[in-house]
Amino acid sequence: MTACKKLGPDWHYFALLLSSQDEKQDSELLIDEMTWRQVIINALKRSHGIFGEGIEFDFLSVQGNRAFVKVGYEDRAQFSSALSTYISSEELIGVPLVVHILQECTKLERMKVGEDDELWFKRSLEEEVADSSCN
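If you count the sequence shown from 1, position 50 lands on 50 in full-length UniProt numbering, and the numbers rise without skipping.
Hints were generated in silico from the structure; no laboratory data involved. Among the hints, a few may not be true.
Stated by the list, open to error - Keeping only pairs whose Cα atoms sit at most 25 Å apart, straight-line, the calculated SDA-like set for lysine to any residue is: (1) LYS70 / LEU108; (2) LYS70 / GLU128; (3) LYS45 / ALA77; (4) LYS112 / TRP36; (5) LYS45 / LEU30; (6) LYS112 / ASP75.
Use the sequences and the hints to build the structure in full.
Written out as structure tokens, the structure reads:
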């Protein structure tokens, strides 16, 4: 019988904040998952071209201007640099936006989340455990 062993992590996790850099405007922003997805894709494309557009990412949770995202472990540096250097145009929602990386880690259980995030966080932890087991 052979034992199965993972060689390294599959995912890297990010807690992100989308901001106009103006608190009053931020409180009025209506940002959904499609807007988040477009901002991230635009940032990846601008920094890394067609290869950036191919970087895989999934949303664990989107709550207005806050999002938790998982990215392929091998793409974490490109993802981080693309978001850190990107300023969107006004086309998307009428004001330029920047993305702040609030947290990042390789193990989801190390991510700090608020009480409002407990439900999706527990579900995501269960999925991560199931994905990491050998079948």
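Tested hints:
Between LYS70 and LEU108 the alpha-carbon distance is near 9 Å, which keeps this suggested pair within the 25 Å criterion. A threshold of 25 Å between alpha carbons decides the hint, and for LYS70 with GLU128 the separation of about 11 Å falls inside it, so the pair holds. Taking the CA atoms of LYS45 and ALA77, the gap is near 14 Å; set against the 25 Å cutoff, the hint holds. With a C-alpha separation of about 21 Å, the suggested pairing of LYS112 with TRP36 holds against the 25 Å cut-off.
Between the alpha carbons of LYS45 and LEU30 the distance comes to roughly 24 Å, so the proposed pair stays at or under 25 Å and holds. About 22 Å separates the Cα atoms of LYS112 and ASP75, which keeps this hinted pair within 25 Å; it holds.
In this structure, none of the earlier numbered hints is contradicted; all agree with it.
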